[in-house]
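Going line by line, the protein sequences match chains A and B.
When you read off a place in the first sequence, starting at 1, and then add 1, the result is the number in the working numbering.
When you read off a place in the second sequence, starting at 1, and then add 1, the result is the number in the working numbering.
Please keep in mind that the hints were generated in silico from the structure rather than gathered at the bench.
Hints may be right or wrong, so weigh each one.
Where chains are identical, the list cannot tell them apart; a pair therefore holds if satisfied intra-copy or between any two copies.
[Claimed, not checked] Taking lysine to any residue pairs in the SDA-like style, the calculated list, with each CA pair at most 20 angstroms apart, reads: (1) 163 x 198; (2) 163 x 184; (3) 42 x 184; (4) 163 x 183; (5) 163 x 186; (6) 42 x 56; (7) 42 x 203; (8) 42 x 128; (9) 163 x 201.
There are 2 protein chains.
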Amino acid sequence: MAPSKGTTGEAPAGTAATRDRLVAAGVELFRRQGLAATGIKQILEVADARFSSLYHAFPGGKDELAAVVVRTAGAAYQQHVEAAWDGARNPVAATRAIFEGAAAALEASGYADACPIATVALEVASTNEPLRLATAEVFEAWLAAARSRLAAAGLRRADARKLSLGIVTLLEGAFVLSRASRSAEAMRCAGETAAALVTAALGRSTRR
Amino acid sequence: MAPSKGTTGEAPAGTAATRDRLVAAGVELFRRQGLAATGIKQILEVADARFSSLYHAFPGGKDELAAVVVRTAGAAYQQHVEAAWDGARNPVAATRAIFEGAAAALEASGYADACPIATVALEVASTNEPLRLATAEVFEAWLAAARSRLAAAGLRRADARKLSLGIVTLLEGAFVLSRASRSAEAMRCAGETAAALVTAALGRSTRR
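Full structure from sequences and hints, please.
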């Protein structure tokens with residue numbers, strides 16, 4: 002496919018549309034197979050873009066694209082989770098909705114639609130400091146969002162911090178187990194555990 | 002380094018010692034950087050082995066080695082965790098010891114010594130079915146070991162299954178967060194949560 006790219010109707014190099022297609026291709030490929038297994042050629046094929054477009058949009062090449070992909074995918078997943086939270090009638094129902102949504106997405110996608118950054122996070126943690134920082138920033142943003150919503154629900158600051166860590170930890174661990182086993186049982190079980198933790202923490206905060 | 006391999010004192014191709022060095026190199030490299038980022042050449046360098054040794058020991062090449070690495074590393078970590086469990090005075094102390102051990106290993110290794118198979122598990126889940134099955138078997142063996150110990154401690158079968166899933170999920174999620182953030186906070190917090198879950202489940206089983 003690649004050699005025909007120059008003759009397709011691709012938008013001019015460097016346009017926002019091409020950049021968006023490159024990022025979207027990165028999100029999809031990194032989520033399914035990780036960073037190292039994804040070659041530049043495959044990104045260009047999925048994005049229907051030319052080599053020159055990639056280096057025009059991302060002069061730093063694959064690593065620069067990857068950092069944008071991690072931050073973009075992390076922000077999109079956070080927005081999705083925050084919408085689920087805001088649409089639920091209380092924090093316990095919100096927690097259940099987030100894990101049930103993750104379980105349903107895993108099942109509907111053949112266990113490919115999972116955490117958009119976990120594979121990259123594990124691949125780069127010991128080998129690529131700029132990309133590790135990008136994954137750390139995403140997790141910290143998720144934790145901050147969870148903390149602020151839990152604090153708004155009446156939890157003490159220390160409780161909100163621990164509980165947000167517990168929820169994100171359960172979600173990430175369940176993505177690993179559910180993808181490996183091709184079963185949403187770990188994700189649904191993690192959702193029950195997370196909901197019980199939220200219920201208990203709200204009970205403690207009410208009894209103060 | 003590689004060109005000099007043929008003249009070093011490497012043991013004859015195909016011996017058990019060479020095979021062990023290849024597997025040990027795979028364990029270390031896959032844990033730090035994953036499967037796709039690890040080239041055959043790097044495995045041979047770390048193992049101080051020749052190309053011919055690799056294909057003598059593993060005719061299926063990198064994928065065959067990777068499956069053995071996943072199963073070997075998974076069994077070794079299970080043995081390590083079971084020893085910690087058996088050395089503790091009760092299931093709650095055992096749970097604390099496992100997570101504290103993981104936190105200490107992360108800190109001592111600059112956040113490299115983590116789950117030996119999680120990176121590979123996420124990389125291959127949607128792309129390499131034989132390797133996915135190897136990672137799924139490892140997680141299932143860990144869960145079975147946890148279930149049998151929790152059942153021996155008096156938990157009902159259904160409770161033991163859910164709790165073992167909860168513990169392994171928290172451990173795996175905390176490896177992701179702790180490696181990304183270069184902080185053992187997520188692992189220690191997961192340990193507190195896991196210990197609380199074990200305490201609560203034992204309380205329920207005692208009240209029956």
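Results for each hint:
With identical chains, the CA atoms of residue 163 and residue 198 are at most 20 angstroms apart both within one copy (10 angstroms) and between copies (15 angstroms). Taking the closest pair of Cα atoms, residue 163 and residue 184 come within 20 angstroms of each other only across two copies (14 angstroms); inside a single copy the shortest separation is 28 angstroms, beyond that limit. Proximity of residue 42 and residue 184 under a CA criterion of 20 angstroms is satisfied in neither setting, with 32 angstroms inside one chain copy and 35 angstroms between copies. Within a single copy, residue 163 and residue 183 get their C-alpha atoms only as close as 29 angstroms, which misses the 20 angstroms cut-off; across copies the closest is 17 angstroms, which meets it.
Taking the shortest Cα distances, residue 163 and residue 186 sit within 20 angstroms of each other only across copies (9 angstroms), while inside one copy they are farther apart (24 angstroms). Taking the closest pair of Cα atoms, residue 42 and residue 56 come within 20 angstroms of each other only inside a single copy of the chain (13 angstroms); across copies the shortest separation is 29 angstroms, beyond that limit. In this assembly of identical chains, residue 42 and residue 203 lie within 20 angstroms of each other by CA distance neither inside one copy nor across copies; the values are 50 angstroms within and 54 angstroms between. For the homomeric pair residue 42 and residue 128, the shortest alpha-carbon distance between copies (17 angstroms) is at most 20 angstroms, but the shortest distance inside one copy (23 angstroms) is not.
Taking the closest pair of Cα atoms, residue 163 and residue 201 come within 20 angstroms of each other both inside a single copy (13 angstroms) and across two copies (18 angstroms).
Violated hints, listed in ascending order, are 3, 7; each of the other numbered hints is respected by the structure.
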